[in-house]
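Residue numbers (our numbering), protein chains in the order written: chain A, 20 to 403; chain B, 20 to 403.
Since the hints were derived computationally from the structure, they do not count as laboratory data.
These numbers come from a predicted model, not from an experiment.
Each hint should be verified, as a subset may be incorrect.
Note: identical chains are not told apart, hence a pair may lie in one copy or across any two.
[Unchecked claim] List time: in silico SDA-like cross-link candidates among lysine to any residue, alpha-carbon distance up to 20 Å:
#1 K313 x R84
#2 K246 x A347
#3 K251 x A22
#4 K246 x G270
#5 K313 x R283
#6 K313 x I135
#7 K313 x G86
#8 K246 x R146
#9 K251 x T24
#10 K313 x T301
#11 K246 x D321
#12 K251 x R172
#13 K313 x P103
#14 K313 x R298
#15 K313 x D275
#16 K313 x D136
2 protein chains.
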Amino acid sequence: MFAYTITSEAGAARTGRITLPHGTVETPAFMPVGTQGTVKGITREELFDIGAEIILANTYHLYLRPGHELVRERGGLHGFMSWPRPLLTDSGGFQVFSLAAINRIEEEGVWFRSHIDGSRHLFTPERVMDIQHALGADIIMAFDECAPGGASRAVAMAAHERTLRWLERCRRRLAELTTAGPAVQTMLPILQGSTHPDLRLGALRRVREIGDWPGVAVGGLSVGEAKADMWKVLEALQPEWPRDWPRYLMGVGYPDDMIEAIARGIDLFDCVAPTRNGRNGTAWVEEDGQVNVKAARFRTDDRPLDPACDCYTCRTYSRAYLRHLVQAGELLALRLLSIHNLRFMVRLAARARDAIRSGTFAGWSTEWLARFRAGRQREGRADE
Amino acid sequence: MFAYTITSEAGAARTGRITLPHGTVETPAFMPVGTQGTVKGITREELFDIGAEIILANTYHLYLRPGHELVRERGGLHGFMSWPRPLLTDSGGFQVFSLAAINRIEEEGVWFRSHIDGSRHLFTPERVMDIQHALGADIIMAFDECAPGGASRAVAMAAHERTLRWLERCRRRLAELTTAGPAVQTMLPILQGSTHPDLRLGALRRVREIGDWPGVAVGGLSVGEAKADMWKVLEALQPEWPRDWPRYLMGVGYPDDMIEAIARGIDLFDCVAPTRNGRNGTAWVEEDGQVNVKAARFRTDDRPLDPACDCYTCRTYSRAYLRHLVQAGELLALRLLSIHNLRFMVRLAARARDAIRSGTFAGWSTEWLARFRAGRQREGRADE
């Protein structure tokens, strides 16, 4: 069950609605990341208040701990983590190539060692479907081979070709798993091809030949390449995106990246930056771009962290108090900054939707990006 | 402003109500500890949900960081930490004797070095009143000299005598500070005297000679002495407590300690154990006393942490999920277990009040203590 409806368009940007077994998601949408079945430090009710309509969890982490069979027996990830709204699980592809110690990549799959205890495991396309089926997320991802950031054309091409072969195996396995009942889970293919726009476009064409998918994801970007290279890939894909496929840019990103990508037709985003930055004492704010809450000038600042924000943190506490919590190494600081940063991203996506619907997206996004980046530059200097 | 009304009595135990500038507190009451101006990891709304009517903050910590003048300028501790209900600050006495490096104890006061940066500071009775006046809590504590746990009679006597002399200086200073307006803060004296019942009783008599106080605290207990010694001190004081003084047993305690002390006429409690144990993966539960949430048998346990509890954690998540969070080192585990343990203590005080009011306290408390201790023993064996 996966239905996508476009509700408005403005250039390549568009708004839409994805209907899933556990609810609907207004797009463009930012998905908070709950790596180990929890958005770090944040409860379900806080995610509701933040306005998160869908969250992401990591197949690799949950497979290793607590194990997908344990999760299946607890009612899947929805039951296990008490999250009633839509969920997306990634394929583990990115993690086995970034976190785990790789032993061997074969046509069959990837042998790797757990980053937790060094134990040896094999992920195949079939295995990854089994695991994601046990986890039971609304949207699941095909198993992909991620070529390293600056991969040569030959390496990127091989990874992209294998990802396409694996896609067919994923599809077959998911069909076997779901013959018993209605297909409540929807799998999305992932395009690889590193920063080579022609490979990416070739991947999109091949994916379209293989089947009529409900949507598509772009993987292997935002892994250290120049931002311009990411935009070139999206611009190459833009003319050939099927209009009715929602497009998910995996692992992206920072606030300005999200706006740039929405302008290039992207509908779904996820990133650990809101919670990771929050844990480091960094927050995004409307006026100043990005601020370090430890900054000495916050010492006696009684204003909310972001006077333009409506999150719990900004409704309740002052900059002076937040700075004190960060300085004192208090747990509450991590929570409050994570809540703010998550709300900042979720609300930014909502504001982009409003601008698209009202036909003002081009002007709004240009102005917003200029202000955010100017603020960040000022802050960068202030922090030095 | 401090008014205490007794609402029922059952032997030495009693229920009452303390009316303070920021609200009322039903006693016996457990006060969560917000050492640095935050109950570790917990928001204001969570404290409301837990049912906390008053919380405690530490003068020593807030004086060092962020500084009491900064807090005063932010509207005092109530404004700074956005806490609208009653607050109590301790005197810093316990901390300078336990956390800081002591340089010199003189009649004038105590020279110590900060545990944060080694800087040198002097706490005198007057200085401690100035600081607590700036922090602005509803209840403040007199500056006391804490004799070490196993102090000899001579050492304990000297500390208790000095505490009494300092009490008079505290009272004078507070009077000077509040001539300008109505006395919104109420200072309580602290009885010292280590585990010597006669010294404690002597301290109580001297405190009564010095003035007519609104209440009294017992300090320097629960610092490693045998529990029986603590109960002997309370039993020595019992015949001479002024009936209309609420009695605060500082730093106590664990659930069973609180019930034992209520039976001996104590009205107010504070302890860091609920949040500290929570951060260590330990929880109190009705049936089993104390459990380690990492226990293997919780792996597939879909029940709430404590089926008898009404806290957010028990209403929302399963033991299996909490165990996963603890195993995975997730921040959310600390929060959820702290919330449960705090609610356990606040609710236990409320249950004791109900039992006192209904005249069933003697039977209820005996039964409750037997069950809690039997559970803890079973668990102790299960954990081995």
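Against the structure, the hints come out as follows:
1. In this homomeric assembly, K313 and R84 come within 20 Å of each other (Cα to Cα) only across copies, at 13 Å, whereas the closest approach inside a single copy is 35 Å.
2. In the homo-oligomer, the alpha carbons of K246 and A347 never lie at most 20 Å apart, since the shortest distance is 36 Å inside one protomer and 33 Å across protomers.
3. For the identical chains of this complex, K251 and A22 are neighbours neither inside a copy (29 Å) nor across copies (72 Å), given an alpha-carbon limit of 20 Å.
4. With identical chains, the CA atoms of K246 and G270 are at most 20 Å apart within one copy only, with a shortest distance of 13 Å there and 55 Å across copies.
5. In this assembly of identical chains, the alpha carbons of K313 and R283 never lie at most 20 Å apart, being 35 Å within a copy and 47 Å across copies at closest.
6. In this homomeric assembly, K313 and I135 come within 20 Å of each other (Cα to Cα) only across copies, at 17 Å, whereas the closest approach inside a single copy is 32 Å.
7. For a Cα distance limit of 20 Å, the shortest separation of K313 from G86 across copies, 16 Å, qualifies, whereas the shortest one inside one copy, 39 Å, does not.
8. Proximity of K246 and R146 under a CA criterion of 20 Å is satisfied in neither setting, with 34 Å inside one chain copy and 57 Å between copies.
9. For a Cα distance limit of 20 Å, the shortest separation of K251 from T24 qualifies neither inside one copy, at 27 Å, nor across copies, at 74 Å.
10. Taking the closest pair of Cα atoms, K313 and T301 come within 20 Å of each other only inside a single copy of the chain (8 Å); across copies the shortest separation is 32 Å, beyond that limit.
11. Taking identical chains as interchangeable, the C-alpha atoms of K246 and D321 are never at most 20 Å apart, the minima being 36 Å within one chain and 46 Å between chains.
12. Taking the shortest alpha-carbon separations for K251 and R172, only the intra-copy value of 16 Å comes in at or below 20 Å, while the best inter-copy value is 81 Å.
13. Taking CA atoms no more than 20 Å apart as the test, K313 paired with P103 passes in neither setting, with 36 Å inside one copy and 26 Å between copies.
14. Proximity of K313 to R298 under the C-alpha cut-off of 20 Å is restricted to the intra-copy arrangement: shortest distance 12 Å within a copy versus 25 Å between copies.
15. For the identical chains of this complex, K313 and D275 are neighbours neither inside a copy (23 Å) nor across copies (41 Å), given an alpha-carbon limit of 20 Å.
16. With identical chains, the CA atoms of K313 and D136 are at most 20 Å apart between copies only, with a shortest distance of 17 Å across copies and 36 Å within one.
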